[in-house]
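The listed protein sequences correspond, in order, to chains A and B. In terms of my numbering, the first sequence opens at residue 1 and continues consecutively. In terms of my numbering, the second sequence opens at residue 1001 and continues consecutively.
Simulated from the structure, these hints should not be mistaken for laboratory data. For every residue, glycine included, the Cβ atom is placed at its ideal position computed from N, Cα and C. Treat the hints loosely; a few may be bogus.
Claimed, not checked - DSSO-like, lysine-lysine: derived pairs with alpha carbons at most 27 Å apart:
1) A:Lys200 to A:Lys63
2) A:Lys216 to B:Lys1229
3) A:Lys200 to B:Lys1229
4) B:Lys1125 to A:Lys138
Claimed, not checked - If you want the ones that stay clear, here's a sample from chain B, every Cβ over 10 Å from chain A, calculated:
5) Tyr1011
6) Arg1052
7) His1071
8) Arg1195
Claimed, not checked - One side of the interface only, derived from the structure: several residues of chain A facing chain B at Cβ under 8 Å:
9) Gly64
10) Thr68
11) Ala70
12) Pro72
13) Ser86
14) Leu170
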Amino acid sequence: MPILEGEGVTRYFGGLAAVRNVDFYVSQGEIVGLIGPNGAGKTTLFNLISGALVPKPGAIKFKGENITGAKPYQICKLGVARTFQSVKVFANMPVLENVLLGSLFGTSNSVSSADAAREATELLEFVGLSAMRAIPAKDLTLANQKRLEVARALATKPELLLLDELMAGLNPTEVAQAMELVIRIRDKGITVFMIEHVMKAIMSVCDRIMVLHHGKKIAEGTPQEIATSRTVVEVYLGE
Amino acid sequence: MLEVCNINTLYGKAQALWDVCLGINEAEIVAMIGANGAGKTTLLNTISGLLRPASGSVEFLGRRIDGLPPHSIVELGISHVPEGGRVFPDMTVRENLEMGAYPYHAWKQKEETLEQVYQVFPILKERERQSARTLSGGERQMLAMGRGLMSRPRLCLFDEPSYGLAPLLVAEIFRVIQGLRDQGMTVFLIEQNVRHTLEIADRAYVLENGRVCLEGACDELLQSDYVRKAYLGL
């Protein structure tokens, strides 16, 4: 059974269909990529999954349960966590406290603050930000703020993680490290659904890729199939 | 045109730039590459006056500009396009562009510059009346670049213009930057898309831990084993 399923998911902004009648699924343990030109509706789809927006019409199921219309915090408690394309860290809070917020918010209700602190420390280690734990989040580089968002999201103990452009602002050597991070997340048993423009990364870590264009799903398949799709090359990859 | 000399910049007690020196000649594209956290954005902020160096000097067209407020530096002809497509979300696309034209000499030619910007980025013309918050990430990046051009700068500082852009658009943005140079604009470019950058730039500096550790012509850097290994992932 897919962990995440969408049926006829649609969302208009005024007269513009940002996401139009999209069916999709993500299976347990998969890394699925979501690509498409800028403005194709990728982040809107993530907003619909995470409850920041409600599909009209359309339905989204998580582990078989209908989550359409649920609030973002409820969806997060069910086990869906996300990062943001334009980063949303708590700017004046130290790095560690940003992650602690995720730990204390997470699915288990009986976390002691000592346990939460230990866990947050481990997660910072996991994403490679240990050395920066005490500084305010706003003093991190943009790319590190993205990693902080990953740690904060993981702290809520998700089963599904939505990553919105984790690799943006990284050089090729750093991209390789970020790819390794995504694989380590999956190896923890977390399913990953990721938006990314860095083709080298998406092609090598994803099991499956979905392509959006003008709000519609125009292709879906293995990285190999996507890389050689005439349509995808035309609208997205270029020659 | 721009001469940065022994700049040291600190955040509180943490030093981000150490004795940084660099020069940019007219109508050149000069690139700065370096790891995430190396101090690239700090350097741009120091040039555009958002940060003040603890010591060292910045000269533009023979005049000291370190210590001047950012708006005066814009008026002298330096435009800073910040990373991550930072625009005014509640203003329309057109209003955002007009905000870029506030220096007196640019305001007089506002309509003409606007047409030029629309020619470079036709999508902005289509979206003219939309509020900037409704733009996609890539469109926002183009708006930030367009706004930067509205002050009719002589030197443009671009902080990761390809950030978050789809492959086709990345190629387009690099073409636009090359086109600006061909029209006589001087460009200082910070980028993580190292290969593409070294292909269009004339010269480049490599920044590591706040220090310039390497500089040279781009074709030489592309051949350098060190750059290939540390920055191109080869």
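How the hints compare with the structure:
1. With a C-alpha separation of about 30 Å, the suggested pair A:Lys200 and A:Lys63 falls outside the 27 Å cut-off, and the hint is violated.
2. Restraint check for A:Lys216 and B:Lys1229: the C-alpha separation of about 39 Å exceeds 27 Å, so the hint is violated.
3. Simply put, A:Lys200 and B:Lys1229 have alpha-carbon atoms about 16 Å apart, close enough for the 27 Å limit, and the pair holds.
4. For the hint pairing B:Lys1125 with A:Lys138, the CA-to-CA distance comes to about 34 Å; that exceeds 27 Å, so the pair is violated.
5. Here B:Tyr1011 does not stay apart from chain A, with its beta-carbon only about 7 Å from theirs, under the 10 Å limit.
6. Separation of B:Arg1052 from chain A is adequate, the least Cβ-Cβ distance of about 17 Å exceeding the 10 Å criterion.
7. Once the 10 Å rule is applied to beta carbons, B:His1071 is consistent with being away from chain A; the minimum gap is 23 Å.
8. Remark: the non-interface label on B:Arg1195 conflicts with the geometry, its nearest Cβ contact in chain A lying 8 Å away (cut-off 10 Å).
9. The interface hint given for A:Gly64 is violated, since its Cβ lies 32 Å from the closest Cβ of chain B, which is over the 8 Å cut-off.
10. A hinted interface residue such as A:Thr68 counts as satisfied when its beta carbon comes closer than 8 Å to some beta carbon of chain B; here the least separation is about 24 Å, so the hint is violated.
11. The beta carbon of A:Ala70 is not positioned within 8 Å of any beta carbon in chain B (closest approach about 24 Å), and the interface hint is therefore violated.
12. Residue-level restraint check for A:Pro72 is violated (minimum Cβ-Cβ distance to chain B is 18 Å; threshold 8 Å).
13. With a cut of 8 Å, the hint placing A:Ser86 at the interface with chain B holds, because the nearest CB-to-CB distance is about 7 Å.
14. Taken as an interface hint, A:Leu170 checks out: its beta carbon lies about 6 Å from the nearest beta carbon of chain B, inside 8 Å.
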